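Chemist: Below are the chains, spelled out letter by letter.
Protein chains: 2
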Amino acid sequence: MRAALMYGAGDVRVETVADAAIEEPTDAVVRVVVACVCGSDLHPYRGMPASEQGTPMGHEFVGVVEETGSSVAGVAPGDLVIAPFAWSDGTCDFCREGLHTSCRHGGFFSAAQAEAVRVPQADGTLVKVPSDVDPAVLPSLLTLSDVYGTGYHAAHQGGVDARTSVTVIGDGAVGLLAVLSAKQRGAERIILMGRHKDRTDLGRDFGATDVVAERGEAGIEAVRELTGGDGTHVVLEAVGLRAAYDMAVGVVRPGGTISRVGVPQYADAPIGFASLFGPNVTLTGGPAPARAYIERLLPDVLDGTVDPGRVFDRTVDLDGVPEGYRAMNDREALKVLVRP
Amino acid sequence: MRAALMYGAGDVRVETVADAAIEEPTDAVVRVVVACVCGSDLHPYRGMPASEQGTPMGHEFVGVVEETGSSVAGVAPGDLVIAPFAWSDGTCDFCREGLHTSCRHGGFFSAAQAEAVRVPQADGTLVKVPSDVDPAVLPSLLTLSDVYGTGYHAAHQGGVDARTSVTVIGDGAVGLLAVLSAKQRGAERIILMGRHKDRTDLGRDFGATDVVAERGEAGIEAVRELTGGDGTHVVLEAVGLRAAYDMAVGVVRPGGTISRVGVPQYADAPIGFASLFGPNVTLTGGPAPARAYIERLLPDVLDGTVDPGRVFDRTVDLDGVPEGYRAMNDREALKVLVRP
Numbered sequence: 001m002r003a004a005l006m007y008g009a010g011d012v013r014v015e016t017v018a019d020a021a022i023e024e025p026t027d028a029v030v031r032v033v034v035a036c037v038c039g040s041d042l043h044p045y046r047g048m049p050a051s052e053q054g055t056p057m058g059h060e061f062v063g064v065v066e067e068t069g070s071s072v073a074g075v076a077p078g079d080l081v082i083a084p085f086a087w088s089d090g091t092c093d094f095c096r097e098g099l100h101t102s103c104r105h106g107g108f109f110s111a112a113q114a115e116a117v118r119v120p121q122a123d124g125t126l127v128k129v130p131s132d133v134d135p136a137v138l139p140s141l142l143t144l145s146d147v148y149g150t151g152y153h154a155a156h157q158g159g160v161d162a163r164t165s166v167t168v169i170g171d172g173a174v175g176l177l178a179v180l181s182a183k184q185r186g187a188e189r190i191i192l193m194g195r196h197k198d199r200t201d202l203g204r205d206f207g208a209t210d211v212v213a214e215r216g217e218a219g220i221e222a223v224r225e226l227t228g229g230d231g232t233h234v235v236l237e238a239v240g241l242r243a244a245y246d247m248a249v250g251v252v253r254p255g256g257t258i259s260r261v262g263v264p265q266y267a268d269a270p271i272g273f274a275s276l277f278g279p280n281v282t283l284t285g286g287p288a289p290a291r292a293y294i295e296r297l298l299p300d301v302l303d304g305t306v307d308p309g310r311v312f313d314r315t316v317d318l319d320g321v322p323e324g325y326r327a328m329n330d331r332e333a334l335k336v337l338v339r340p
Numbered sequence: 001m002r003a004a005l006m007y008g009a010g011d012v013r014v015e016t017v018a019d020a021a022i023e024e025p026t027d028a029v030v031r032v033v034v035a036c037v038c039g040s041d042l043h044p045y046r047g048m049p050a051s052e053q054g055t056p057m058g059h060e061f062v063g064v065v066e067e068t069g070s071s072v073a074g075v076a077p078g079d080l081v082i083a084p085f086a087w088s089d090g091t092c093d094f095c096r097e098g099l100h101t102s103c104r105h106g107g108f109f110s111a112a113q114a115e116a117v118r119v120p121q122a123d124g125t126l127v128k129v130p131s132d133v134d135p136a137v138l139p140s141l142l143t144l145s146d147v148y149g150t151g152y153h154a155a156h157q158g159g160v161d162a163r164t165s166v167t168v169i170g171d172g173a174v175g176l177l178a179v180l181s182a183k184q185r186g187a188e189r190i191i192l193m194g195r196h197k198d199r200t201d202l203g204r205d206f207g208a209t210d211v212v213a214e215r216g217e218a219g220i221e222a223v224r225e226l227t228g229g230d231g232t233h234v235v236l237e238a239v240g241l242r243a244a245y246d247m248a249v250g251v252v253r254p255g256g257t258i259s260r261v262g263v264p265q266y267a268d269a270p271i272g273f274a275s276l277f278g279p280n281v282t283l284t285g286g287p288a289p290a291r292a293y294i295e296r297l298l299p300d301v302l303d304g305t306v307d308p309g310r311v312f313d314r315t316v317d318l319d320g321v322p323e324g325y326r327a328m329n330d331r332e333a334l335k336v337l338v339r340p
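Residue numbers (UniProt numbering), protein chains in the order written: chain A, 1 to 340; chain B, 1 to 340.
Isolated chain A (complex conformation) (with noise of 0.2 Å):
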């Protein structure tokens, strides 16, 4: 089968690879009917150095299951599914408890930009749909294996709901989707921070009720001052960058929580009295269980309440995923759909 590869910054190419295959009862091989270019996939984009093994990419897709180990029971050859990013059990206690990604059976994906993808724990992990749904809200679906599971993490982790106001820093796809989660669960004021006007009036759309394009002491400036100078009672961090994290802190209110989803790109920060301890600021968050949220999101997705694919705006086939990274990377491109 054909599959995307990277073997180094900037340096992504489509092959031919060993077909995706049974190795476990439990799993299954699921035929890629949409996946897609994340956010993250752009860190080794800019920074992994040159070989002469090409890495497999991707993790979010949408699919047809193909064939199904013996032990599976609950999908089947000819079932349209949403796999989340990881894979999970589904019955181990950290599963039970809806922190899949911490599953005592679990995994990464990381070969999804690809024909097909092999599943471990098929029975835990995809989630079936039905066959005949309109293939307009495909990419809506898709959003459902990370970028809408990873912001609605943020809003859930960040306890968003009516009585909350929220900040959300980053534009991208997940801060995107963090405000349509906040919105959903809620919360009346949403001040979006970022700076492409494109993608902040989708925020708009997607339920902010501000934007901020400045950024560092402007930004936290600017906030403080849509907020009575006392910042909101959530910070939703969409974009793990250190300078967001000083922003993060420099927005939330006293007793706030700042929840990141944005993948740290830095160990150490300040946490002590004058930052987090002093004003009794949450920090919480984490890699979004997306499986604990696809049944709970699923419903306004197939009936068109809400629209997430709308964070697509460029679709490529399996020949143009390396041009798919060079738009994200250059910032053409929001978020990159791939079509097999």
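Simulated from the structure, these hints should not be mistaken for laboratory data. As the structure is a computational prediction, the values presented were derived from the model and not from experiment. C-beta: ideal position from N, C-alpha, C; glycine also. Honestly, I wouldn't trust all of these hints.
[What the hints assert, rightly or not] One side of the interface only, derived from the structure: several residues of chain A facing chain B at Cβ under 10 Å:
id, residue
1, Tyr7
2, Phe94
3, Val211
4, Tyr266
5, Ser275
6, Thr282
[To be verified] Negatives, chain A to chain B, calculated, CB over 12 Å:
id, residue
7, Leu5
8, Glu23
9, Met48
10, Asp93
11, Lys128
12, His196
13, Lys197
14, Gly255
15, Pro270
16, Leu276
17, Asp317
18, Pro322
Knowing the structure of chain A, use the given hints to seat chain B on it.
Modeler: Then chain B, alone, in the frame of chain A:
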């Protein structure tokens, strides 16, 4: 009146100072019945630069109202009252949310090792208790001023309940009362990390099911062994040193919460993928809004269900305060009660 002043590390003197007096119509003057020395007072006792100017000390007291300002309605001369270590108006948005330490008209006491204290925002701050209370319960009432409320805040912010396993780091008064609080909130497994046997014995009386005397990597290893390798759902960090934070990160279960009430003696610490983010660990805590918890904790203190006052193992008069500091600093005493 007489009061304790600190002139530098190791230099506490009892001197005559200006009488506490009403300054604002919302003030009260409270004659101190019992006060005490706090673990946090030991930080300046170890590190304060020498000065010509003495710094008044102490922030925990129970006393009798002596005089009230013209607008004070909730307490009257003769009332026996508990003062939390921060004053607060009790009416602003932060107070209504239970974050009295961020009160819009609040502040922190700093002169309670004295014969009397001026109490701003008396109506919001002071909690009346029956004047005929058994004198034997006074030490327990005094813990509501800070250490019991602080231990309880740790457990409350950490979300301790019957379903959570708990590690408490630190066998000082706050750590021990964090154990008591975790027990009160229903925790069945409470691991106390501390190495002073007389203190950890009291911790066992308060509800600790296991004691780990090791520190650092050995301590982490010991807690992990006790918990099937996973760590506990909640870690209550009642020390404030960086080494204690590192232990907390080491013993918290994925998806769990580190709740800090030890005042951090550090600014930066690891919060990246390997420490907090990857396992979806939440970091919370801060200075306890002790005022928020007094009514909740008072009944069990008054009826003798709990006896948090057992953390006091030495009593001095005002002249004995310098010796009280020395005894606590040398770990001869766990916590020193002051009867002016």
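Chemist: Against each hint, give a clear statement of whether it holds in the structure.
Modeler: Hints, one by one, checked against the model:
1. Tyr7: 24 Å, violated
2. Phe94: 7 Å, holds
3. Val211: Result: violated, 26 Å to nearest chain B Cβ.
4. Tyr266: 6 Å, holds
5. Ser275: It holds, given that the least Cβ distance between Ser275(A) and chain B is near 7 Å, below 10 Å.
6. Thr282: Because about 4 Å separates Thr282(A) from the closest Cβ in chain B, which is inside the 10 Å limit, the hint holds.
7. Leu5: Answer for Leu5(A): holds, closest chain B Cβ roughly 24 Å.
8. Glu23: Per Cβ check, Glu23(A) is outside 12 Å of chain B; nearest 26 Å; holds.
9. Met48: At roughly 17 Å from the nearest Cβ of chain B, Met48(A) sits farther out than 12 Å, so the non-interface label holds.
10. Asp93: Given that some Cβ of chain B is not farther than 12 Å from that of Asp93(A), nearest at about 9 Å, it is violated.
11. Lys128: Correct as stated: the minimum Cβ-Cβ distance to chain B is 26 Å, above 12 Å.
12. His196: At roughly 25 Å from the nearest Cβ of chain B, His196(A) sits farther out than 12 Å, so the non-interface label holds.
13. Lys197: Nearest chain B Cβ is 30 Å from Lys197(A), so the label holds.
14. Gly255: 4 Å, violated
15. Pro270: 5 Å, violated
16. Leu276: 7 Å, violated
17. Asp317: Non-interface label on Asp317(A) holds, nearest chain B Cβ at 33 Å vs cutoff 12 Å.
18. Pro322: 27 Å, holds
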